[in-house]
Amino acid sequence: MMVDFLIVGHGIAGICVAEHLERYGATFSVINHENTHSSSRVAAGLYNPITGRKMKKTWLADEIFPYLESFYGSLQEKLKTPFLIKKNIYRPFTSIEEQNEWIGSDLEISSGGVNFIHSVATAAKYQEFIHDPYGGIMLAYSGFLDLNALIDAHKNYLIENGRYHAEKLDFKQLKISHDLVEYGPYKARKIIFCDGPLSDNPYFNWVPTAPVKGEILHIETEKPLPEDVIFNRGVFIVKHTKHNYYRVGATYEWKKLDNQPTEKAKNHLVDKLNDLLKVPFNIVDQIAGVRPASKDRRPLIGNHPVQNNVFLFNGLGTKGVSLAPYFANDLCLFILKNKNLKEEVNISRYNSLHSR
Numbered sequence: 000m001m002v003d004f005l006i007v008g009h010g011i012a013g014i015c016v017a018e019h020l021e022r023y024g025a026t027f028s029v030i031n032h033e034n035t036h037s038s039s040r041v042a043a044g045l046y047n048p049i050t051g052r053k054m055k056k057t058w059l060a061d062e063i064f065p066y067l068e069s070f071y072g073s074l075q076e077k078l079k080t081p082f083l084i085k086k087n088i089y090r091p092f093t094s095i096e097e098q099n100e101w102i103g104s105d106l107e108i109s110s111g112g113v114n115f116i117h118s119v120a121t122a123a124k125y126q127e128f129i130h131d132p133y134g135g136i137m138l139a140y141s142g143f144l145d146l147n148a149l150i151d152a153h154k155n156y157l158i159e160n161g162r163y164h165a166e167k168l169d170f171k172q173l174k175i176s177h178d179l180v181e182y183g184p185y186k187a188r189k190i191i192f193c194d195g196p197l198s199d200n201p202y203f204n205w206v207p208t209a210p211v212k213g214e215i216l217h218i219e220t221e222k223p224l225p226e227d228v229i230f231n232r233g234v235f236i237v238k239h240t241k242h243n244y245y246r247v248g249a250t251y252e253w254k255k256l257d258n259q260p261t262e263k264a265k266n267h268l269v270d271k272l273n274d275l276l277k278v279p280f281n282i283v284d285q286i287a288g289v290r291p292a293s294k295d296r297r298p299l300i301g302n303h304p305v306q307n308n309v310f311l312f313n314g315l316g317t318k319g320v321s322l323a324p325y326f327a328n329d330l331c332l333f334i335l336k337n338k339n340l341k342e343e344v345n346i347s348r349y350n351s352l353h354s355r
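For the sequence shown, counting from 1, position 83 maps to 82 in numbering that gives the first Met the number 0; every step adds exactly one.
Check the hints yourself; a few may be wrong.
With a straight-line Cα cutoff of 27 Å, these simulated DSSO-like cross-link-like pairs (lysine-lysine) come out [said to hold, decoys possible]: (1) Lys222 x Lys86; (2) Lys53 x Lys263; (3) Lys85 x Lys53; (4) Lys154 x Lys174.
No lab work stands behind these hints: they were computed from the structure.
Please model the entire structure based on the sequences and the hints provided.
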């Protein structure tokens, strides 16, 4: 059967593209290499509008964060699977100077029509659990996704509709002409790559990337932490599926890009965790994965410079949960409605590298 699109990949990028194509009435099939170490399977799924040591509003936050909560909220209703966990993030101040500096700049963070600040504490708020002698800020439009629940539920939805195929794409078997994509029994008018390292993709291996290995710990605490908040300073502490189990992360490694946990990363996370957490804990597990990211820290989205029916949706990096819904919508509008992509994300910014 001929479909409009063949989607390669079923992590957070592929899911968001598939959902938006369906919203716009396009037909598609998904081909996915099932990998337990994929970045979407390993990630804690955190979304956070205020980032960095200086606690600044993240790029396009006023547009992206209201959109993502609406999108994921609708999707979990459709899939009848709760995976969106809205929780305030508490970021402790590390000094009285930081407290004063932030309070003087909070109007900037709250500007733009969206207030990302739930409240501000100028004295210890969670001293039973963490080190926060100077208080901290409580963020809104924050939380995390149970990514494995989302991936599994969406996979089952696609299987029920005959649109999911578990296999690793063999590029030698992929045939692309100007108006047809053929791969074994599958035929489509266009193809969108939403998967993995571009070095393996002959259509986009010229696009500069900077994949990042990340590691997280699974810990068990001596007593449960507050249910209504995520602690985030130096590391994040996100509730796992069990009562006293939490995910702690994350690290960043640009050189040794494999899925093997390291002692170096464990020690780094434990040191950061001890700086934040007062409650005794045990390490239960340690996992690693590689995030697809770009050199300029902006998504890689758009059209192949020669093959006009070949598209890319990649490079979401550490903010995949936040960026994927918004930019999947932009990509679909670009393909289906001829709406321009933002220059910062359009892979045309690298087209000069294609002919080299």
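Quick rundown of the hints versus the structure:
Restraint check for Lys222 and Lys86: satisfied, since their Cα atoms lie roughly 20 Å apart, inside the 27 Å limit. Simply put, Lys53 and Lys263 have alpha-carbon atoms about 26 Å apart, close enough for the 27 Å limit, and the pair holds. The hinted pair formed by Lys85 and Lys53 meets the criterion: a straight-line CA distance of about 24 Å does not exceed 27 Å. Only pairs whose Cα atoms come within 27 Å are accepted, and Lys154 paired with Lys174 is accepted, the gap being roughly 25 Å.
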